[in-house]
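The listed protein sequences correspond, in order, to chains A and B. Residue numbers are given in this note's numbering: position 23 of the first sequence equals residue 31, and the series is strictly consecutive. Residue numbers are given in this note's numbering: position 201 of the second sequence equals residue 269, and the series is strictly consecutive.
Keep in mind that the hints were calculated from the coordinates and are not lab data. Predicted, not measured: the structure shown is a model, and the values here were computed from it. Idealized CB from N, CA, C, for every residue including glycine. Fair warning: there could be bad hints in the mix.
Label-pair ranges, simulated between beta-carbon atoms [stated by the list, open to error]: (1) B/229 <-> A/140: 27 to 35 angstroms; (2) B/188 <-> A/222: 27 to 35 angstroms; (3) B/198 <-> A/125: 40 to 48 angstroms; (4) B/92 <-> A/153: 39 to 47 angstroms; (5) B/84 <-> A/140: 33 to 41 angstroms; (6) A/306 <-> B/198: 51 to 59 angstroms; (7) B/259 <-> A/328: 46 to 54 angstroms.
Some chain A residues flagged as far from chain B (calculated, every beta-carbon gap over 10 angstroms) [said to hold, decoys possible]: (8) 122; (9) 163; (10) 180; (11) 213; (12) 215; (13) 228; (14) 229; (15) 263; (16) 301; (17) 304; (18) 321; (19) 323; (20) 333.
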Amino acid sequence: MSSLPLGGPGGVAVSPDPAVPTVSRRWDVSTIVSVLGMLVLAALPLVGGGYWIFTLGVCFANAIAILSVSFLVRYAGEVSIGHGVFVAAGAYTVALAEKYLSLPLWASLPLAAAVGVVLGIVFAYPTRHLAGIYLAVATMALALALPELLLHFSGVSGGYEGLYVKLHALPGVSTAMQRYYLPLAGLVVVVLLLRHFRRSRQAMALLLIRTSAHAAESFGVRRSWARLSCMALSSAIAAIAGALLSFSSSTVSPNSFTLGTSIFLLVGSVVSLYSLSLFGAVLGGVFLTLVPLLLAGAGDWVPILYGGALLAVVLGLNALPARMRARLQGGRS
Amino acid sequence: MSAGAGVLNAPLTVQGLGLSFGGIQVLQDIALRLEPGEITGLIGPNGAGKTSLFNCLTGLYVPQAGNIRLGDLSLDGLAPPGRSALGFSRSFQHVALCPELSVVENVMVGLDRQSSAGWLAAFLPLPRGRLERLRNRGLAMTALSRLGIARLADEAPQQLPPGMLRLAEIARAIAGTPRVLLLDEPAAGLNAAETRELSAAVARLRSPQLVLVIVEHDMDLIMEVCDTIHVLNVGRVLASGRPQAIRDNADVVRVYLGGDDE
Numbered sequence: 009m010s011s012l013p014l015g016g017p018g019g020v021a022v023s024p025d026p027a028v029p030t031v032s033r034r035w036d037v038s039t040i041v042s043v044l045g046m047l048v049l050a051a052l053p054l055v056g057g058g059y060w061i062f063t064l065g066v067c068f069a070n071a072i073a074i075l076s077v078s079f080l081v082r083y084a085g086e087v088s089i090g091h092g093v094f095v096a097a098g099a100y101t102v103a104l105a106e107k108y109l110s111l112p113l114w115a116s117l118p119l120a121a122a123v124g125v126v127l128g129i130v131f132a133y134p135t136r137h138l139a140g141i142y143l144a145v146a147t148m149a150l151a152l153a154l155p156e157l158l159l160h161f162s163g164v165s166g167g168y169e170g171l172y173v174k175l176h177a178l179p180g181v182s183t184a185m186q187r188y189y190l191p192l193a194g195l196v197v198v199v200l201l202l203r204h205f206r207r208s209r210q211a212m213a214l215l216l217i218r219t220s221a222h223a224a225e226s227f228g229v230r231r232s233w234a235r236l237s238c239m240a241l242s243s244a245i246a247a248i249a250g251a252l253l254s255f256s257s258s259t260v261s262p263n264s265f266t267l268g269t270s271i272f273l274l275v276g277s278v279v280s281l282y283s284l285s286l287f288g289a290v291l292g293g294v295f296l297t298l299v300p301l302l303l304a305g306a307g308d309w310v311p312i313l314y315g316g317a318l319l320a321v322v323l324g325l326n327a328l329p330a331r332m333r334a335r336l337q338g339g340r341s
Numbered sequence: 069m070s071a072g073a074g075v076l077n078a079p080l081t082v083q084g085l086g087l088s089f090g091g092i093q094v095l096q097d098i099a100l101r102l103e104p105g106e107i108t109g110l111i112g113p114n115g116a117g118k119t120s121l122f123n124c125l126t127g128l129y130v131p132q133a134g135n136i137r138l139g140d141l142s143l144d145g146l147a148p149p150g151r152s153a154l155g156f157s158r159s160f161q162h163v164a165l166c167p168e169l170s171v172v173e174n175v176m177v178g179l180d181r182q183s184s185a186g187w188l189a190a191f192l193p194l195p196r197g198r199l200e201r202l203r204n205r206g207l208a209m210t211a212l213s214r215l216g217i218a219r220l221a222d223e224a225p226q227q228l229p230p231g232m233l234r235l236a237e238i239a240r241a242i243a244g245t246p247r248v249l250l251l252d253e254p255a256a257g258l259n260a261a262e263t264r265e266l267s268a269a270v271a272r273l274r275s276p277q278l279v280l281v282i283v284e285h286d287m288d289l290i291m292e293v294c295d296t297i298h299v300l301n302v303g304r305v306l307a308s309g310r311p312q313a314i315r316d317n318a319d320v321v322r323v324y325l326g327g328d329d330e
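Work out the full structure: start from the sequences and follow the hints.
What follows is the structure in structure tokens.
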């Protein structure tokens with residue numbers, strides 16, 4: 009890769025830290041971990057079944073939603089507390105496409121992604137000059153408005169009850185298996201697409217403009233382009249998550265997409281260290297979906313135990329050596 | 069790439085340029101003619117307005133008076149990305165590399181304006197995107213080689229000393245074969261040996277189409293590589309001329325050379 013000869017005679021001596029592995033080597037290890045993890049996840053329904061398999065399907069869809077929040081943090085340096093809205097957009101697109109057009113998931117999923125892109129741009133354009141806490145609060149406004157909006161248009165949205173997603177996406181495969189494997193496949197595809205994206209010129213331009221806006225602008229990268237692109241992509245990923253969430257849980261309703269949902273997506277993203285890797289995303293998804301269930305027997309203690317678990321995971325992950333954290337975060341070439 | 073025929077081999081001219089921040093006059097009535105094929109030095113004591121002038125040239129600052137032209141083309145109201153499209157390129161006084169990108173990836177951003185791979189190629193392994201990425205990597209490696217740091221291509225910027233980061237920044241600025249190249253204190257943080265190498269590398273950048281301007285405190289480097297030197301002092305041009313004439317100019321010696329340089 010870097011076999012070009014040195015330019016200057018007697019180049020300046022530099023001693024890179026031998027303990028730090030090269031970028032490509034780091035990928036090799038994380039690729040192996042990801043592939044092993046995927047094989048385990050793919051084999052799970054063969055050994056287990058029932059409720060846990062259903063919950064894991066939901067968990068994978070949540071993991072994609074967490075990736076959408078992490079994408080925004082990693083590439084735009086911005087935090088969203090309203091991503092539940094984009095997830096809801098994907099979920100309702102699938103449900104409405106089934107209700108009115110009898111479209112199954114494989115047809116409505118691309119439609120949901122397109123709706124996500126459009127919504128992301130519609131939100132990003134007026135807010136393109138906002139940053140930090142101001143943008144976060146603007147996203148929160150979206151999340152607050154959504155349930156009311158869905159109830160107002162209850163004729164279309166199904167009101168409190170919501171809508172059902174019943175059509176099979178794959179003929180000849182049992183419902184339970186479809187609701188497990190399709191979100192898992194979606195998660196793997198999104199992770200692979202994001203991994204490829206990291207090497208693209210667009211990703212490099214976005215990363216530079218995030219850390220050094222003046223420098224990026226001097227090389228032709230526009231700030232408004234960067235914001236709109238990040239928001240559109242992040243929102244498309246969220247909408248894909250929503251589409252698979254509605255399919256795996258077979259129902260969509262306003263109380264699945266409250267402000268709390270959006271806040272927990274951010275919590276999941278923090279728990280995963282804003283990771284764009286399969287392992288990180290599943291870790292965030294597990295925390296979001298399974299930990300409340302595991303604690304369910306604790307009654308009034310649930311919020312306290314959940315808070316404690318959250319603290320333990322965040323502090324624990326941050327205490328990891330830098331190399332392990334970098335590996336977990338993934339998304340590097 | 070996208071520059072019109074009117075700006076090929078064109079000089080960069082500055083006329084009556086004035087810039088102020090909240091009543092403080094930073095630049096006043098600056099008139100310069102920066103010729104292609106020459107290396108122009110811009111010197112002056114701290115606070116003389118050198119970096120402000122650079123920022124006006126690249127469009128980061130909008131001057132209140134005067135104009136800047138590339139050949140026949142007025143650059144009024146043209147933002148940095150627009151000037152980049154005309155072939156403007158620069159390095160920064162404070163190193164502005166992205167820590168999440170490797171050195172060669174940082175340099176590849178300098179080629180972004182000449183790249184056309186779309187969003188589909190960004191997400192899918194299409195041959196077109198792969199070829200462009202390989203081509204850009206090759207061009208970035210060439211730029212790194214010209215500065216003698218090709219071996220650092222896959223390092224992360226955090227692992228490198230400041231001098232190397234500065235060379236990487238210059239590599240990014242030259243990777244896209246710019247028409248106007250502005251180097252802001254390229255030798256800051258370099259040791260004597262590194263500065264000598266940089267000096268040789270800068271001299272090699274000279275080309276008949278390139279307007280090359282350097283802001284620098286290292287007088288040896290400036291005197292060695294520059295054809296023309298402009299001296300700024302408190303926002304005005306104090307003197308302009310060949311290196312020897314500047315060295316002998318009594319005003320310059322008084323305000324600048326006498327104070328800072330032996």
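Status of the hints after comparison with the structure:
{"no.": "1", "hint": "B/229 <-> A/140: 27 to 35 angstroms", "result": "holds, 32 angstroms"}
{"no.": "2", "hint": "B/188 <-> A/222: 27 to 35 angstroms", "result": "holds, 30 angstroms"}
{"no.": "3", "hint": "B/198 <-> A/125: 40 to 48 angstroms", "result": "violated, 24 angstroms"}
{"no.": "4", "hint": "B/92 <-> A/153: 39 to 47 angstroms", "result": "holds, 46 angstroms"}
{"no.": "5", "hint": "B/84 <-> A/140: 33 to 41 angstroms", "result": "holds, 39 angstroms"}
{"no.": "6", "hint": "A/306 <-> B/198: 51 to 59 angstroms", "result": "holds, 52 angstroms"}
{"no.": "7", "hint": "B/259 <-> A/328: 46 to 54 angstroms", "result": "violated, 36 angstroms"}
{"no.": "8", "hint": "122", "result": "holds, 13 angstroms"}
{"no.": "9", "hint": "163", "result": "holds, 36 angstroms"}
{"no.": "10", "hint": "180", "result": "holds, 29 angstroms"}
{"no.": "11", "hint": "213", "result": "violated, 5 angstroms"}
{"no.": "12", "hint": "215", "result": "violated, 5 angstroms"}
{"no.": "13", "hint": "228", "result": "violated, 4 angstroms"}
{"no.": "14", "hint": "229", "result": "violated, 6 angstroms"}
{"no.": "15", "hint": "263", "result": "holds, 34 angstroms"}
{"no.": "16", "hint": "301", "result": "holds, 34 angstroms"}
{"no.": "17", "hint": "304", "result": "holds, 39 angstroms"}
{"no.": "18", "hint": "321", "result": "holds, 23 angstroms"}
{"no.": "19", "hint": "323", "result": "holds, 24 angstroms"}
{"no.": "20", "hint": "333", "result": "holds, 13 angstroms"}
Hint compliance for this structure: hints 3, 7, 11, 12, 13, 14 are not met, and every other hint is.
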